[in-house]
Amino acid sequence: MVQKMTGGKVDFALIKEATRIELVKLLDSIPGTKAVVWDEKLAGAFSHVADYAFLRTHDVCKMFYITANKLPPSNVAHIIFLARPHTSIMDQINQQLRMEDLQGSTKKDYHLWLVPRISLLCERRLQEHGVRGSFTTVRELPLLLFRLDCDLVSMELPLCFRDLQLDSDPTSVFLVAQALMTIQGVFGLIPNIYGKGQSAKQVYELMVRMRREMGGNEPQVTPQIDQLILIDRSVDLITPLATQLTYDGLIDQFYGINNCTVKLPGEKFAQTSSDSPPSDDSSFMDTKTVQLSSLEILYAEIRDCNFSAVGPRLSRHAKSVKAQYEERHAAKTVGELKQFVQKIPQMEVHKQSVATHTTIAELIQEQIASGIFRPALQMEQEFLKGLDTDKISPFIEDCIAQKESLNTVLRLICLQCIVNSGLKPKILEHYKRDVIHTYGFEHFLTLENLEKAGLLYVQQGRSTYATVRKTMQLTVDDVSEHDPTDMSYVHSGYAPLSARLVEFLQWPGWRAITGVLQVLPGPTLTETQQLPSALRQRRGSVGSVQSGGEGGTALVFFIGGCTHSEIAALRFLSSRVDQGGPEYVIATTKIINGNSFLQYLSDELGGE
Amino acid sequence: MEWGGGINLGDFMVAAAQYGGPLALTRDETKFTKTQHAGKPLIFIFSSSGRKISSFKWTSGFLLSLGWSRSEDLVCVQEDGAVSIYDMFGTYQHTFNMGQEVKDTHIQSAQIFTSHRETGVAILSKSNRIFMVSNIYEPKTRKYPDIPGGVVECWCVVREERHTNVLVSQGRDLLLLNHIEQRPQPLYPEWNEAGGCIVEMAVSTNSRHIALLSDTGKLWIGSSDIRIKYCEYDAKSQVKPKQLAWCGTGAVVLLWDMTLEVVSVNGDATSYYLDSTSHLVQEADGLRVLGSITHDVLQKVPLVVTETLGIGSMAPGALLLEAAKGFQERSTRANDCLGMIKDSVEEAVNQCLQAAQHEYRPQAQKMLLRAALFGKSFIPEMNPEPCKKAIFTLRVLNAVRDYRVGLPLTWNELEHLTLPVLLDRLVYRRYFPLALQIADFLKLPESDGTSRILAHWACYKVLQPSQKSDEQIAKEINSKLGYTPGISYTDIANRADQAGRKQLAIKLIEYECRAKEQVLVLMRLGEDQTALRRALQSGDTDLIYTVLHHLRQKLSSGEFLMLIRNFPVAQSLHIRSCQELDMEQLRDILVQEDDFHGQGLLRIKEAYNTYRTDSHQASLVGAAELFRKAKSESACQMTEEQIKLNKWQMRLEESQQKPYAKKSLHDTVHQLLLDGQIKETEKLRVEFKIPERRYWWLRVVAHAQANHWEELANFSKNKKNPIGFEPFVDACLKNGNKIEAQKYAMKVRDENKITYLIKCGLLEEAVKVAQEQRSASSLTKVLVACGPQHQNLQSRIQVLLSDSSFKN
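Same order as they appear, the protein sequences are chains S and B. When we follow this note's numbering, the leftmost residue of the first sequence carries the number -11, and every step to the right adds one. When we follow this note's numbering, the leftmost residue of the second sequence carries the number 5, and every step to the right adds one.
Just so you know, these hints were derived from the structure itself, not from any lab. The beta carbon of each residue, even a glycine, is placed where N, CA and C say it ideally should be. There could be a bad hint or two in this list.
Restraint ranges, calculated between C-beta atoms of paired labels, are given here [as the list claims (entries may be wrong)]:
hint	chain 1	residue 1	chain 2	residue 2	range
1	B	Asn182	S	Tyr53	56 to 66 Å
2	B	Lys751	S	Ala357	25 to 35 Å
3	B	Met587	S	Gln587	23 to 33 Å
4	B	Phe382	S	Pro207	39 to 49 Å
5	S	Arg564	B	Asn387	51 to 61 Å
Distance condition first, Cα-Cα at most 27 Å in a straight line; then the derived DSSO-like pairs of lysine-lysine [to be verified]:
hint	chain 1	residue 1	chain 2	residue 2
6	S	Lys391	B	Lys785
7	S	Lys189	B	Lys520
8	S	Lys391	B	Lys667
9	S	Lys414	B	Lys520
10	B	Lys742	S	Lys391
11	B	Lys609	S	Lys440
12	B	Lys763	S	Lys391
13	S	Lys379	B	Lys724
14	S	Lys391	B	Lys721
15	B	Lys724	S	Lys414
16	S	Lys440	B	Lys635
17	B	Lys763	S	Lys379
18	B	Lys742	B	Lys693
19	B	Lys633	S	Lys440
Throw the hints in and build the complete structure from the sequences for me.
Set out below in structure tokens:
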């Protein structure tokens, strides 16, 4: 189960590199000193592509933010506004520009770079403000995909699912299609496309359109990805609601992983870092930021493990650290001693890594033991097994009566609703009333949203979950958490439906599960893209995919977000390449979990 | 010449474009006596082969000079300094003026010259001043230094690097005018015998060489800066020749009426006699002699051709040619000749290829190419590209040299012009099929070749009047063009629109596959609905918003809303933007759509956007009403309950003097319980039909939290307990009262009893219960919970466990 640290055949580092090249092209198109005025929301994501040091090597000497205040004076030749294409941001830029005018500062060139694309609407807005002419250039920087790992990219569009379901706003579908065109630009045309769900179909149709728009200007790249599997989140609403039990999944659920970093309560860490002097600035110890990188061997090993397997692995590593230190006693000669000393820095890193993750594991253990985590998990697993889903659950009632966290309550209700293919009107009413009575009328809109998003609804017709569960083997009773043989270990007994769909596509093929596909919402997509003839001939020879007798590479794209458990499940499938399956790489609009998923859908009245 | 023999060039003012371009003819007014009603002159335009392309009536002032620009536009200079540009089809392009001074003084003579990239016009005004526009497409008049008074015999424009100088011959002086100097610089060409003034000058096409002819018939040939003299030749004629021109760079040609004298730069001369009055056209590598019946190319025979085809030549090329011929005749000569060039086959092949390139007869070309290929077969490693290129290019050259096309280009000229430009020229002359064939034949990339030609064709097509309907034309164009990469239907549609054919433009833009372009054109054409539809199909929301924005500005609010309701995605996007910016507009939409539920939700949002209790309540009442209309019963019911709760809370706030607003029902009850207001809570329970289960929980938790142990105990005695006693124990323990907890522990349901007893620290009792249940696992549980102070108990459990009658 140890993941490779460098990418397989398809490494998303190339995407990052491609964006960087675009950025450099843009930067170098403007000779002279530059100041960048950032859209605050972009600055964070941008660090994935280029840091300040990098920008400085390209003559960027000042950084500001787009705000309502006037720009600090600077003596640069060019000022670059780097912004998302939103009209409200254009309004702010307009103000800042006007204040610059008033100041009558020395002649500067202004540039506007929009991420990820030029927007006509924004240009018109600037025209209306009468400042469009102030910009020497308006360019776009197609930054759509953020590399989180060599096999994982995210578009960082948290509201994708909400936009699609609640506001029928297809912007993200368009962006996904564009992102896929970017991917195809780097890794070549993807010959086989499968998909399930409405937005999967829309994305495919837009891809066809965009390809036609490109005309003959398609990049001539030998295809490196054989399959694209588009999964609309609304096809599998169960998985985001289920509790993830992998190490990554739990960290995300309890503390939230953002851009591969997690902020943890600091006091636990204070003791472990013994080498650092006792800190006077205790305020800094409130939170500790930990970078989660697959370059860290230990983390790469445990991140996708079921949490119950994390402990033993950690202790094994701890022992090996100790054993390594013990080696110094064995070192007799000066040469041996030198060898040992050389290993010390590496050992220190490893030791630190073991310490950090042991602390994180302790924190998680505490969270699991406290509150209603365990009973809620038990309830959830009963639902997933299809037990008593058609009755009001006393457990949920008690949770509401004790005013447990609303998120947990809503998660369980939605889960019950979905596995039951809707709730009886009376039960639904009862739950809704309970929630409003206990948590307040402020959550009225949230409930409305959940209904609109298809997470809460009145039962119509018979429940189909039983069939799906059986055919897709969604629940597995005797799964080994320590040495898994099936992906269902990620939820200790439940296999994510989305990942199962991917698994079944490879074997026995979607034709074998037509019954299930009919039951799941949205159309099923099985398409092929004709490769340009020049590339088709070469396919047999260079770098190609099916020819090597391997399963090739498949890109799974989650439209509407995916969970860490799904990522773990797909990586688990990848680890079995020897069984003839493809290696999977994953793209998503955002990494989600049960909390964030519902959070994105909520609208608390009178909040703010 | 296709124009037949009826034209006497002597009567005409002739202008011919370089690179085998078109000819323009107009009656030379100076050669005819003016009649009273001489009609306006006609200007005829012919191809190089004399095929008429167009003619048009010259309606402006006195036409002084004609010429062609590099891009084959006709440049007409009028006496008053107005310069008009026409294309070769006689279509007027634009006019510019050489400036007020010129207009006032009029022009003596004008010269149209081509500099490195552009075409310029230089004029000599009647006031002896030189003015120049160096690019007719960006006219900017520049004045040259003044020339002293007196008759100007002749003058010419000389390019020097990037400057344009003018040489003027005045009397016995030769003056150089340029920008740098304030006044003219006199130049002194070195004549064998001084005296005589220069009456004619000619500059070679590359501007490096110049020929000066004096009134004594002496011809001076040298470098264009007059510093180096190549030779001097005596034409032995006092008669001024009609034309003096360079043939490439190697010779100067003098043309009298029917005689042509060619003088090489070494001073050798030859004469030819012509059949008709002719006109000379100077080309970069030769000279075209345009006569009434024929059109000849005069060129120095390239060395390689003489070497290869010269009689008795022993050059490798010639021998290879001989060998190839011998091979065809199956003669041993082939072997003999090959043997002689054993070591220089490659050179021979190249010579044959080059010779073929300069040959004009296909027969000779074939012969030479065959020889080259024959030779090449002996050197397998030789790069095939030159051969290929020669063969392909010659085929193209032969095709365009055909009299039906009439583009007499030499190989070198084509090299200089490049193929894409040649294709452009063919397209410009509307030889679309030939251009397409050439593009296909040469396998040019589609964007350079086929699609560009087709796009031009389509643009031409839309301008042609036709009987066919717009739909048919659009279809026809599409069937030819398809979706060839690089074709821009936008351009074609724009062209159609410019030509006033809006409907055709609309039909054409339908075929554009780049959504952005398509939508923008459609909006400009006023086809807003189609624009919206296309924007929607593209999935590009930015584009959709742009169309919506445009529509909102154009239409009244009502019209706009009616329009977008036919487009659900557009409507939802509009609603979306309204949610952020314009609530009133949003309400209008919902009202229009009879969406009562939506209106209700909007009212609820409003209720929470206000801080005033009364308007909050009013909004909720409105919302409930709307929900009822929408038959959203549960929403209606919940809203009404909330209204009721608000009322209760207001009443409670008055009676209790405590804030209750914004509390949920749960929290309200909880607060009341903490305050011991059990009566009030009972009322609320009844009023809001709080289910028993929840109510019990509420009470247990609240009583325990408030340390109302007695109250809790009384409550526990209620017979209809729906939640069991576990919550009682938990609540007591949570608030740190173990004693109270113990009271309820024994009442816990059997299956949880052991756990709860242990929780309360009642280990003895736990053992007892376990004993009764005869459960070994329960006993083990207790054993685990035992601490050091429970040693007795521990040993008792051990004993019990050894009793095998206990179940596991």
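Structure-based check of each hint:
1. B:Asn182 with S:Tyr53: 56 to 66 Å: At roughly 57 Å between Cβ atoms, Tyr53 of chain S and Asn182 of chain B fall inside 56 to 66 Å, so the hint holds.
2. B:Lys751 with S:Ala357: 25 to 35 Å: Holds, since Lys751 of chain B and Ala357 of chain S (Cβ atoms, about 27 Å apart) stay within the stated range.
3. B:Met587 with S:Gln587: 23 to 33 Å: 25 Å, holds
4. B:Phe382 with S:Pro207: 39 to 49 Å: With a Cβ separation near 43 Å, Phe382 of chain B and Pro207 of chain S satisfy 39 to 49 Å, so the hint holds.
5. S:Arg564 with B:Asn387: 51 to 61 Å: The hint (51 to 61 Å, Cβ to Cβ) holds, given that Arg564 of chain S and Asn387 of chain B are roughly 52 Å apart.
6. S:Lys391 with B:Lys785: 30 Å, violated
7. S:Lys189 with B:Lys520: 22 Å, holds
8. S:Lys391 with B:Lys667: 13 Å, holds
9. S:Lys414 with B:Lys520: 50 Å, violated
10. B:Lys742 with S:Lys391: Within the cut-off at roughly 23 Å; holds.
11. B:Lys609 with S:Lys440: OK: Lys609 of chain B and Lys440 of chain S at ~17 Å, within 27 Å.
12. B:Lys763 with S:Lys391: With a Cα-Cα distance of about 23 Å, the restraint between Lys763 of chain B and Lys391 of chain S holds, given a limit of 27 Å.
13. S:Lys379 with B:Lys724: Holds, at roughly 21 Å.
14. S:Lys391 with B:Lys721: 25 Å, holds
15. B:Lys724 with S:Lys414: Satisfied, since the Cα-Cα distance of roughly 24 Å is no more than 27 Å.
16. S:Lys440 with B:Lys635: 17 Å, holds
17. B:Lys763 with S:Lys379: Given that 27 Å is the threshold and the Cα spacing comes to 31 Å, the pair is violated.
18. B:Lys742 with B:Lys693: Not OK: Lys742 of chain B and Lys693 of chain B at ~33 Å, beyond 27 Å, violated.
19. B:Lys633 with S:Lys440: 19 Å, holds
Checked against the numbered hints listed earlier, the structure breaks hints 6, 9, 17 and 18; every other hint is satisfied.
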